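> So the sequences go chain by chain: V and L.
Just so we're aligned: 257 in my numbering is position 122 of the first sequence, and the numbers increase by one with no gaps anywhere.
Just so we're aligned: 135 in my numbering is position 95 of the second sequence, and the numbers increase by one with no gaps anywhere.
Everything labelled a hint here was simulated from the structure, so no lab data went into it.
Take the hints with a grain of salt, since some may be wrong.
Unchecked claim - On the chain L side, residues computed to face chain V include the following (Cβ under 8 Å):
(1) V57
(2) R62
(3) L87
(4) Y96
(5) R207
(6) L214
(7) K218
(8) V219
To be verified - Partial list, computed: chain V residues near chain L (C-beta under 10 Å):
(9) D150
(10) A169
(11) R172
(12) A176
(13) C185
(14) A189
(15) V191
(16) E192
(17) L197
(18) V198
(19) R200
(20) M211
(21) A214
(22) V215
(23) Q241
(24) R245
Unchecked claim - Computed far set for chain L versus chain V, every beta-carbon distance over 10 Å:
(25) W106
(26) D117
(27) E170
Just so we're clear, the structure is a prediction, and the values are computed from it rather than from any experiment.
All residues carry an ideal CB built from backbone N, CA and C; glycine is no exception.
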Amino acid sequence: MNCEQFQDIVGEYADGTLTLPARARSAEHLMTCAACRRLLADVRATMAACRRAALVEPPDDLVSRILRATPAGSMMSCAVFDELILDYFEGYIPAGDYHVFEEHFQACPRCQRLLTSIRLARQLCHEARAVPVPEDLQRRIMRATVGIERIPAHRKWRAIVRRWWRERRAKIARTIGLIVTPEGVTAVLLSLATVGFLLVEVSDDMTLRGIYRQARLKIERVVAHSRSGALEERVIVSELRGMASRLNGVLQLGANLLVGSADRSRQPSSGALSGPEKKRGRSPRHRDAELQTRRGSPASRRAPQ
Amino acid sequence: MVRQCLAGDEAAWEEIVKQYSRRIYSLAYRFVGTHEAAEDLTQEVFLRIYRTLDQYDPQAGSLSNWLMRVARNLIIDDWRKRGRTPTEASDTLEAHAYHLKSRTESPQRLVERRELSEQIQAAIDKLSPELRTCIILRDLEELSYQEIVDLLKIPEGTVKSRINRGRIELAKILRRMKVI
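Let the hints inform the model, and build the full structure from the sequences given.
Shown next, in the form of structure tokens:
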């Protein structure tokens with residue numbers, strides 16, 4: 136190692152950070168070189184002088200000056216400032232804290248930006264127009280929650296009827312399904328025809344009360360005639376027979392109409408007929424004959440003889 | 041102590057200022073070269089420290105390390121902004137004597153140390169900015185090579201080389217000044 140090489144590492148030699156081989160080579164050179172020994176001594180002396188002079192006495196008033204420059208406001212951390220922001224906008228910061236808060240705000244650019252941004256955002260939110268609500272939203276909400284929306288009084292009854300109908304229509308449909316069969320309709324029509332006949336033929340004023348009144352009169356007359364023997368039995372019988380034949384005609388007419396309409400409604404859906412009927416493949420003429428037989432039977436059974 | 045400061049305890053903050061102002065002031069003085077500028081810079085550093093005190097994490101290291109790291113970064117940044125030239129040395133020994141505190145050291149030792157301090161400062165001011173920075177950080181602040189590498193963000197070889205050349209230069213200057 137020569138002097139130039141040693142000068143390059145004299146600092147590290149003094150620090151004791153050289154590797155062992157480099158340190159050994161340096162020590163070997165130092166043994167033979169007085170100039171480098173002097174250099175090393177000077178470097179060590181310089182380092183020692185620096186260490187001794189490391190600390191400089193500050194002015195007496197430095198601490199008080201620093202404390203004056205760091206008032207209570209700047210002592211508040213940004214995190215504490217952040218926590219007070221909510222109270223600040225609500226107007227709830229106590230007077231003492233508000234003073235500190237304001238001083239921190241004046242001293243801290245970060246918190247100035249933050250507070251200004253929040254203020255601006257609040258203002259924008261306030262100014263933003265409300266989103267228009269769909270017209271039927273309220274109605275749909277009411278329907279989904281309580282089942283029926285709040286409606287004006289004049290529409291209330293209609294709504295109640297609709298609800299009543301909604302709740303009961305299935306039941307009513309089942310009931311109607313039971314009634315609307317050929318037999319059921321025939322029974323209803325025959326009942327109506329009977330009442331109609333009685334109203335036309337018996338009642339004097341086309342009322343039920345009239346039927347009762349005339350029936351009672353006729354019975355009284357029959358009783359009176361039978362007592363007096365003035366009215367012959369055959370007259371009464373013929374009168375009753377005439378009534379029966381007229382009633383029979385009316386009932387047959389009603390039954391014809393009823394069965395004819397039932398046929399018309401069945402014809403398009405003939406595919407749904409039961410198997411045995413299809414297999415038989417009877418002609419329309421055969422069916423008509425059978426129907427005539429059926430039509431006759433209830434009327435003849437019901438007809439008063 | 042930091043928690044007390046953040047809670048608004050002025051006494052705790054005063055304790056920190058008293059404890060670290062000397063070290064920070066000394067570092068600032070070595071870089072800027074005058075007491076007025078060092079005083080202003082120290083105050084600036086403490087202002088900055090207080091505003092960022094809530095960022096201190098006790099688990100990441102001691103308060104002392106954290107404070108000095110923040111201070112070093114700020115002082116070196118300031119020094120770079122100033123164009124790496126120390127402020128015109130206007131301080132005289134007499135002007136500085138006014139600020140000296142009477143501590144436990146004897147008056148004679150104090151005077152000696154004060155003289156040495158001024159001589160070292162005068163010698164350091166004569167170094168080039170790169171050498172001066174490395175000498176201050178290594179021989180006055182006693183940072184390790186790696187700490188200097190992290191702080192200045194230059195390669196370790198460069199740091200070693202600058203420290204070496206700085207010491208040789210400084211030794212020559214101090215010898216001429218008959219300090220050593």
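> A closest beta-carbon separation below 8 Å is what the hint needs, so does L214 of chain L meet it against chain V?
With Cβ-Cβ at 6 Å, under 8 Å, it holds.
> Far enough from chain V: is every CB of that chain over 10 Å from the CB of D117 of chain L?
Given that every Cβ of chain V is farther than 10 Å from that of D117 of chain L, nearest at about 17 Å, it holds.
> Please check whether R245 of chain V passes as an interface residue: C-beta within 10 Å of a C-beta belonging to chain L.
8 Å, holds
> Does the interface hint hold: is R207 of chain L within less than 8 Å of chain V, judged Cβ to Cβ?
Constraint on R207 of chain L satisfied, holds at 5 Å.
> Closer than 10 Å between Cβ atoms is the bar; does A214 of chain V clear it against chain L? Give me holds or violated.
Result: holds, 5 Å to nearest chain L Cβ.
> Taking 10 Å as the limit, does the beta-carbon of A169 of chain V come near enough to a beta-carbon in chain L?
Cβ of A169 of chain V sits 15 Å from chain L, so the hint is violated.
> Can we confirm that no CB of chain V comes within 10 Å of the CB of E170 of chain L?
At about 14 Å from chain V, E170 of chain L clears the 10 Å cut-off, so the statement holds.
> Can you verify the interface hint for R62 of chain L: is its Cβ closer than 8 Å to any Cβ in chain V?
Given a least distance of 6 Å, the restraint on R62 of chain L holds.
> Is the interface hint for A176 of chain V satisfied, with its Cβ closer than 10 Å to some Cβ of chain L?
With a minimum Cβ separation of about 8 Å from chain L (threshold 10 Å), the hint on A176 of chain V holds.
> Does the closest beta carbon of chain L sit nearer than 10 Å to the beta carbon of R172 of chain V?
Hint violated; R172 of chain V Cβ to chain L Cβ min 13 Å, cut 10 Å.
> Is the shortest C-beta separation between V57 of chain L and chain V less than 8 Å?
5 Å, holds
> Hint check: is the beta carbon of E192 of chain V less than 10 Å from a beta carbon of chain L?
5 Å, holds
Hint compliance for this structure: hints 4, 7, 10, 11 and 23 are broken, all remaining hints hold.
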